[in-house]
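*Asks:* If you're matching them up, the sequences are chains A and B in order. Taken in order, the first sequence gives residues 1 to 115; the numbers are from the numbering used here. Taken in order, the second sequence gives residues 116 to 228; the numbers are from the numbering used here.
Check the hints yourself; a few may be wrong.
From chain B, some residues computed to sit far from chain A (all C-beta separations above 12 Å) [unchecked claim]:
1) V127
2) E177
3) N186
4) E214
Simulated coverage check for chain A against chain B, where a stretch passes if three residues somewhere in it have a Cβ under 8 Å from a Cβ of chain B [unchecked claim]:
5) 16 to 26
6) 63 to 69
Read the hints as simulated data drawn from the structure, not as lab findings. Note that the structure is predicted; figures quoted are calculated from it, not measured. Yeah, the Cβ is synthetic: ideal placement off N, Cα and C, and Gly gets one too.
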Amino acid sequence: AQSVAQPEDQVNVAEGNPLTVKCTYSVSGNPYLFWYVQYPNRGLQFLLKYITGDNLVKGSYGFEAEFNKSQTSFHLKKPSALVSDSALYFCAVRDIRNYGQNFVFGPGTRLSVLP
Amino acid sequence: DAGVIQSPRHEVTEMGQEVTLRCKPISGHDYLFWYRQTMMRGLELLIYFNNNVPIDDSGMPEDRFSAKMPNASFSTLKIQPSEPRDSAVYFCASRGDREVEQYFGPGTRLTVT
Numbered sequence: 001a002q003s004v005a006q007p008e009d010q011v012n013v014a015e016g017n018p019l020t021v022k023c024t025y026s027v028s029g030n031p032y033l034f035w036y037v038q039y040p041n042r043g044l045q046f047l048l049k050y051i052t053g054d055n056l057v058k059g060s061y062g063f064e065a066e067f068n069k070s071q072t073s074f075h076l077k078k079p080s081a082l083v084s085d086s087a088l089y090f091c092a093v094r095d096i097r098n099y100g101q102n103f104v105f106g107p108g109t110r111l112s113v114l115p
Numbered sequence: 116d117a118g119v120i121q122s123p124r125h126e127v128t129e130m131g132q133e134v135t136l137r138c139k140p141i142s143g144h145d146y147l148f149w150y151r152q153t154m155m156r157g158l159e160l161l162i163y164f165n166n167n168v169p170i171d172d173s174g175m176p177e178d179r180f181s182a183k184m185p186n187a188s189f190s191t192l193k194i195q196p197s198e199p200r201d202s203a204v205y206f207c208a209s210r211g212d213r214e215v216e217q218y219f220g221p222g223t224r225l226t227v228t
């Protein structure tokens, strides 16, 4: 079965410092991996995805993520955090076997960027 | 494009009442998904449609929940009768046939008293 883990419920970082939000996954086949961000009282917004190719994926708002197959991880990163990045971040995986549409989300990590 | 549209944004109802949530997907998108978000269970996929046909409803909690997609631009999620444990934020998402990422609506916050 597919699963996604986000080991940190909360990440605090000072404005201007680099940030990392961790994600590990478990799927039987090759994964499609995603990061979404949710601001208060809003829906989820797509940030970036990994399907194949380069392990370092660049996305919206200066975010990037690194796919590591051996560690089954897909950590979200940003070189310099902004206060406006404070939000709830979700990692998700889709198992591409049999053209499956099943999208499994992690529990979410709350990022707080302190001024 | 206006994105995925959901209505109402907030719904407060009494236990036992029927609740209908509505979704308009992004024009041209072939897939539509209904999710539920709670503190306890996180984001759960309830059901998804492809070309208006329900494909996987294994996430629908019980018979009180039903979903329809009468045409490519409209879907409903109905709860009858509603119970307090149904209180959650319900999201609709859609995606095109050639895409892998899903695009989410703003959600409907349902409170059942």
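*Asks:* Each hint needs a verdict: does it hold in this structure or not?
*Replies:* Hint-by-hint comparison with the structure:
no.: 1; hint: V127; in the structure: 16 Å, holds
no.: 2; hint: E177; in the structure: 20 Å, holds
no.: 3; hint: N186; in the structure: 20 Å, holds
no.: 4; hint: E214; in the structure: 9 Å, violated
no.: 5; hint: 16 to 26; in the structure: violated (count 0)
no.: 6; hint: 63 to 69; in the structure: violated (count 0)
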